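Visitor: Spelled out from the first residue to the last, the chains are:
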Amino acid sequence: MKFIVSVLLIALLSLAVCLYLPWWTIAVVAFIVTSLIPQNPIRSFLAGFLALFLLWGTLAWTISSNNEHLLAKKVAMILKMGSPAILIVVTALIGALVAGLAALAGSYVRRK
Amino acid sequence: MRILPLFISTAITAGLVVTLNTTMLLPAPLGKLLSPQHGIWQNAESSQASFSEELKFPQLGGKVEVYLDDRLVPHVFAEKDSDLYFVQGFLHAKFRLWQMELQTHAAAGRASEIVGKIAFKHDREFRRLGMGFAAESSLKEMEADPQTKMTCDAYTAGVNAYIASLTASSLPLEYKLMGYKPEKWTNLKSALFLKNMSENLAGHDNDFEMTNAKNYFSKEDFSKLYPIRQDSLDPIIPKGTVYEKPSLALKIPIDVDSVYTNKTDLAVTTQEEKPEKNNGSNNWAVSGAKTNSGYPILCNDPHLGLNLPSLWYEMQLHSPRLNVYGATFPGAPAVIIGYNDSCSWGVTNGGRDVRDYYEIKFKDDSRREYWYDSAWRKTEFRYETILIKDSASYIDTVAYTVFGPVMYDPSFSGGRASNSRYFSVRWKAHDKSNELKTFILLNKAHNYQDYLSAISNMKTPGQNFVFASKTGDIAIRTQGEWPAKWNGQGDFIMPGTDSTYQWQGMIPFDETPFQFNPARNFVSSANQDPADSSYPYYLGRGYPLYRGIIINRRLQAMSNITPKDMMSLQTNNYNVFAEMATPLILSHINENGLTAVENKYLNLLKAWDFTNAPYSRGATVFEVVWSKFSQVVYDDDFKNAPAIILRPYDSNLLQGVLSDSAYQFLDNIETIQIETLAVDVTAAFKNSIEELEKVQMEGRLEWSKYKDTRVSHLTKLEPLSRLHLTIGGGTHSINATKANHGPSWRMIVSLTPKTEAYGVYPGGQNGNPGSRFYDNFIDHWASGSYYPLWMMAAGEEKDSRVQWKISFTN
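Chains as they are written, first to last, in my numbering: chain A, 1 to 112; chain B, 1001 to 1810.
Looking at chain B on its own, in the form it has when it is part of the complex:
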């Protein structure tokens, strides 16, 4: 034996193995990652791959057959309901485990455990918002309900059955790339997933931004810049509806003027991550009187962030007691938006402000006591331990008052609050509730009464639930447990020193605006104000206006409607905002002395048909000119304003100038002369040319190229994302597709005796980037096409659409 060479060569080999197995020297553990039998190659799914399997789980109560069709949509046939949810959990995990865990980690403020320091601020934000606290209290409520508990237990067991089957080779790609392993699923994680949706949909507020605006502008200017309602509003429940007297008599605090409305000393300085303001959606249902078949048609397209793997996963769940098809959330049981053998339902976001802030006065820096109703009250503390990959962990001590967690304080401003004050957040999502029950019951609903009792469980995030049944009923309800607020309550930061500023109660279920089989034969919502000003409770501000206007205008005019007509309506790119704004621009622009280049763009705008079609150049010109117009009008007024402030919405500016051509903000306060609408429009147009020329040079003048829609992988890694999609639409179009946000699931259900349904989402059923089913729906979605949705019936097992079968036995 030659000791020395043996020793040296063994040491080199060992060193190389360690190097290739870790990230000590390499950016990735290349050996582990590239081993054909362990690493990423194992995730390269063969194009001939079979998904057929036979599986045994003692947890099951009976047999379950899963038929996977040519789009990899599972049709689950179980004998027992609990088995249905077990298999739903198993399939969610099989195809989407990584996203489920990432999203629930992010919801819990645990993202730093996976990605390190980069997520630390996010984690603190979510811990301080009380996401864990909210999910825990929600879980208690969920587990107190036997049906929900059974559903969640079975679902969790299914997810864990899949996790237990994983080996180093079969781990999802992202775990391999990022070098970690999945932990066990729990019911709490499903609760966290649903709280994440609450954060997404009911977590938007502008309280700090509005407080700053109120303090900076005079009262008169403020009310002109931020009007509560717009004349052109077409509310969800039509104007003129008569409402009963409110059962709750709200007491406006006696010192409201001095310590709230007119208080101006609170200036906060420094932007946190905020949920996308336009997390909105469209839904509508028409009665048989307006359709070709004589039966109702229901349509829904929720607008959310566009990600890969998609938020949605399509499934059919069938047992002797229920048969339902639709879009599910990997992370939670049941079908969220869909239809069964009797009816269909869909949602748009309610968008009311259910997150308010109270300024807290602590006795001292220890935060142990705070002043409330003329006495010192004890604070409760919640200790949030944030584990950080490759760093020491951090313990955040969060104070809880009667309102909720003190989210912002000197140690954490969230980039929006003052660093010297304490703000407690009162968030509706902290209250006990069991939203999952809504969907469990809707999945089995037979009629309007079932729908009502199902959605009564929906408290937060409040949603506009549209409904249609085969018996011919249509309905919409602006459902949620909404705080009853006095006018202006919670628009700004409120004093936290006494109880008079608390929410005084919740609007009773019977006083929620709704419509059931209205005379106009349709119901619709597009996130606009639920009702007009005759509704006796304060509804807040900042609702988007325009999609609602165009949807109602079209539905009013349509008759003999077919599902095909609904497809073209749902993917319609008409921009009703531009229809109102463009004539204003064109009639006020001073064309004298425009250069040839300027005239070229003016002619594009003149020739434009207000349609945000993918190849439209006029749409791009309009977009740029309008944003410049907004700058010309407001930049001078906001020049010295605090950085954290709300700029008026497009609708505020348009309505301002439409109703008053001498809108006072047109004048540039920094010049001696008085600027008019014509001056501002012309200046905005001329200011646009530089950007338009640049865009033209880059070959991006066509609207879809300018807008540049993408569907990004959750890590934002470009190779795993789909970029530069050719798709039209935009914020104010029914097809509300923006750069990375838009119709995340389009569904059309015609409730004929044999249901005819269509749907599509921008993703694919398999979350594995190495699968051909990863993103195969995206081009179909972008082109405005749909897939027929197949509600498989027992006996159709031999249908040519069935490609694979997974059999589960106990």
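Here chain A stands alone, though its shape is the one from the complex:
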């Protein structure tokens, strides 16, 4: 239960905060959430990772499919990533990794 709540909170708060603040505030969000909802370090990491993987993956995929992947094709070529699908996965992984690590750090705040 704690895990699902953490995932949802990290994802929703990241979405909200990023409307106004820079992208890396996802790390701050993940850190705060896992420091307030204590879980073991592995579960915390996974909560942050999964939250942003799903959030960024879904956002990128939705935006790109509404765009008929027009831009993703071009940017994927510029960044030498081959295809829109890879670009979307890379996007999701970047968010996931940053949030996961921040969530891991957060889990140590209240851990004895």
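Bear in mind the hints are in silico, worked out from the structure with no lab data behind them. From a predicted model like this one, the values you see are computed outputs, not experimental measurements. Glycine included, every Cβ here is placed at the ideal spot set by N, Cα and C. Where hints are given, some of them may not hold.
[Unchecked claim] Ranges of calculated distance between the beta carbons of each label pair, as one might list FRET restraints: (1) A:F3 x B:A1011: 50 to 56 Å; (2) A:M77 x B:E1380: 46 to 52 Å; (3) B:R1382 x A:M77: 41 to 47 Å; (4) B:S1047 x A:L12: 23 to 29 Å; (5) B:T1471 x A:S65: 50 to 56 Å; (6) B:R1002 x A:K2: 16 to 22 Å; (7) B:K1754 x A:S65: 39 to 45 Å; (8) A:Y20 x B:N1419: 54 to 60 Å; (9) A:M77 x B:P1518: 49 to 55 Å.
[Stated by the list, open to error] Straight-line alpha carbon distances no greater than 27 Å define the calculated DSS-like cross-link-like pairs of lysine-lysine that follow: (10) B:K1239 x B:K1224; (11) B:K1444 x A:K80; (12) B:K1606 x B:K1705; (13) B:K1754 x B:K1705; (14) B:K1805 x B:K1754; (15) B:K1219 x B:K1263; (16) B:K1564 x B:K1063; (17) B:K1716 x B:K1224; (18) B:K1263 x B:K1363; (19) B:K1389 x A:K80; (20) A:K73 x B:K1705; (21) B:K1245 x B:K1263; (22) B:K1716 x A:K73; (23) B:K1121 x B:K1184; (24) B:K1754 x B:K1798; (25) B:K1754 x A:K80; (26) B:K1080 x B:K1444; (27) A:K73 x B:K1606; (28) B:K1181 x A:K80.
Place chain B on chain A using the hints.
Guide: Chain B in isolation, oriented as in the chain A frame:
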């Protein structure tokens, strides 16, 4: 709290964030770039995107409604003229901001700030040409005119209103990819944009190249290699026109033979970036006597570099005082080529040489004084600080003489001048002028008189302005403030030590060649010589000949013309140069002993209809054979020539052999025997086979594949460009589409009571590569199709073509 793991994991997270937010370790700041709420994904415009908005700006004087049609062309309806230009600036920025800033940075010699060292040489070149100096003096003139000032102020405010609305998420894609932010727009930037057009259109010269050619060849050879005029010339103002005696009596310097014409000691050695020589265009207008409707039709297609985002942006501007439609320049207010409710106008480049060089004699290396009219004169200095991304900035101290900036000196040769001498550039674009006023007034012109007074403001770049009105008038004027030159003045580098070599004045407006309602019922221009040799001022050399010949031949023959006929004329691929040159090749080639492979290509050439159609193979054979022919004829003569030299134009060679089959350069001076036309043609043909076979193997024998037209993004990034377009034409065809250069806006306006107009450009209205409107016109353009241009009227707001509406209030 577990301090150590907390510390370590926080540090790793921070390190990762910094890595993903910068280019310290990665080639791109991937986190910032790929964040779905900030990065490139935000530029992926939904195919269902709405452009409708309601905006409030206190700068506005009233209400403005913008109706965007299905091609994303804005139809701007304002109550006040100043609001019209505010919204024009806003829309230019909304759809094209990045290119506006890049182009004006490049014009100012500030490209290094964005792209780093790679642009350093370009920046120095432009600083030393005095682009900033020219734009500043132009701006003074522009701001001294209340109407122009109001227009520019409103435009600039509009651009800045958009820039102020930008967030990290809404920045154009290129800013994100290249990692920088837009700066504020200024009136100076619009002046710089227009100076950039001057550089493009009136910045071409061959003075160093011609000087070297003159020094290397004997006087006789030189005049045969580089004749001033060609017999086949069909000038803009027809042959036989009688000109008044010139009002300016030009004094040829007394020592012209010894220190200019016959001087040969100046050999310069080492190619700068030069404006494309073929920056040209076609325009014509026919009177009602030749049209089906009985009303004039005007056509224009300016040939420029083909880029994405396009140089052009289509708009309609409507206020109680004006209603105009056409192609605009993102970067400057007003419509540049278009039509209003009374008339239409278009331009081709005048192409005269208005950029000359003078060799300066400085007292010493400090460059503080130079010898002029038998005395030492003080130099002025302009300090050009070039900021370079990721490097230390560079201060270039540029000396200014009475002629202008010392562009080339020992510290900067531009890859074309000698490194031990000083050359000052006298460029017409340095003179005070307000070209923008031309377009502001043309937008409101009602008749021929209005057109004349509007274009009298056009000084540089001089343009052939074609005009047609609903009242039935047609006209053309080779407009510009042209230096009055004595024969040969400025073809070569001139001595800079006395005033006798200065330009002595400008050709008066009344002595500019023009035509108004001529008996032949049409006017036209295609960058050829404005007039024949009876025109009393020197016109220079090097004008393209052939498009003019075919346009005039066709227009002469046409009657009952419809806009559709004009479309097929404007996109015509007939190659009149090949029509003249191919028989020469075929009648002189020695067919004895040709191999089967050689015969295969000969038959392609024989069967060719002189049309550079996309699928034509004969066109490719001709192109290759002709270029080999030019090499066979001239390579021996130029073998020991300086590297910076002008090779004779295609027209020089063709006219040379057409008028004299024993043209002296046919002989290879490195052999004992005398080579004839037949020998050279046959050798050229045989030399072509290797390349043709290679091209054939690669599947590129069809003309469009051989030519390989592309429309490149301004960064040259291929994923953002459109490559390998199927389109015919070429240098000498009316459809002058080359590899990355060609008809940048095709327009046809039939001046019937309800105007019927068509147009297309190779791009799209939205500069965002993530938009479906980024390049959606390109295939239409390549196929030779047009869009009907819609001059929206008040009351048509419910028309099905209106897709979105942006409302502006104050």
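Visitor: Each hint should be assessed against the structure and marked as holding or not.
Guide: Status of each hint after checking the structure:
no.	hint	verdict
1	A:F3 x B:A1011: 50 to 56 Å	violated (26 Å)
2	A:M77 x B:E1380: 46 to 52 Å	holds (50 Å)
3	B:R1382 x A:M77: 41 to 47 Å	holds (43 Å)
4	B:S1047 x A:L12: 23 to 29 Å	holds (28 Å)
5	B:T1471 x A:S65: 50 to 56 Å	holds (55 Å)
6	B:R1002 x A:K2: 16 to 22 Å	holds (19 Å)
7	B:K1754 x A:S65: 39 to 45 Å	holds (43 Å)
8	A:Y20 x B:N1419: 54 to 60 Å	holds (57 Å)
9	A:M77 x B:P1518: 49 to 55 Å	holds (53 Å)
10	B:K1239 x B:K1224	holds (23 Å)
11	B:K1444 x A:K80	violated (50 Å)
12	B:K1606 x B:K1705	holds (21 Å)
13	B:K1754 x B:K1705	violated (41 Å)
14	B:K1805 x B:K1754	holds (25 Å)
15	B:K1219 x B:K1263	holds (11 Å)
16	B:K1564 x B:K1063	violated (39 Å)
17	B:K1716 x B:K1224	violated (40 Å)
18	B:K1263 x B:K1363	holds (22 Å)
19	B:K1389 x A:K80	holds (24 Å)
20	A:K73 x B:K1705	holds (24 Å)
21	B:K1245 x B:K1263	violated (31 Å)
22	B:K1716 x A:K73	holds (17 Å)
23	B:K1121 x B:K1184	holds (25 Å)
24	B:K1754 x B:K1798	holds (20 Å)
25	B:K1754 x A:K80	violated (52 Å)
26	B:K1080 x B:K1444	holds (14 Å)
27	A:K73 x B:K1606	violated (45 Å)
28	B:K1181 x A:K80	holds (24 Å)
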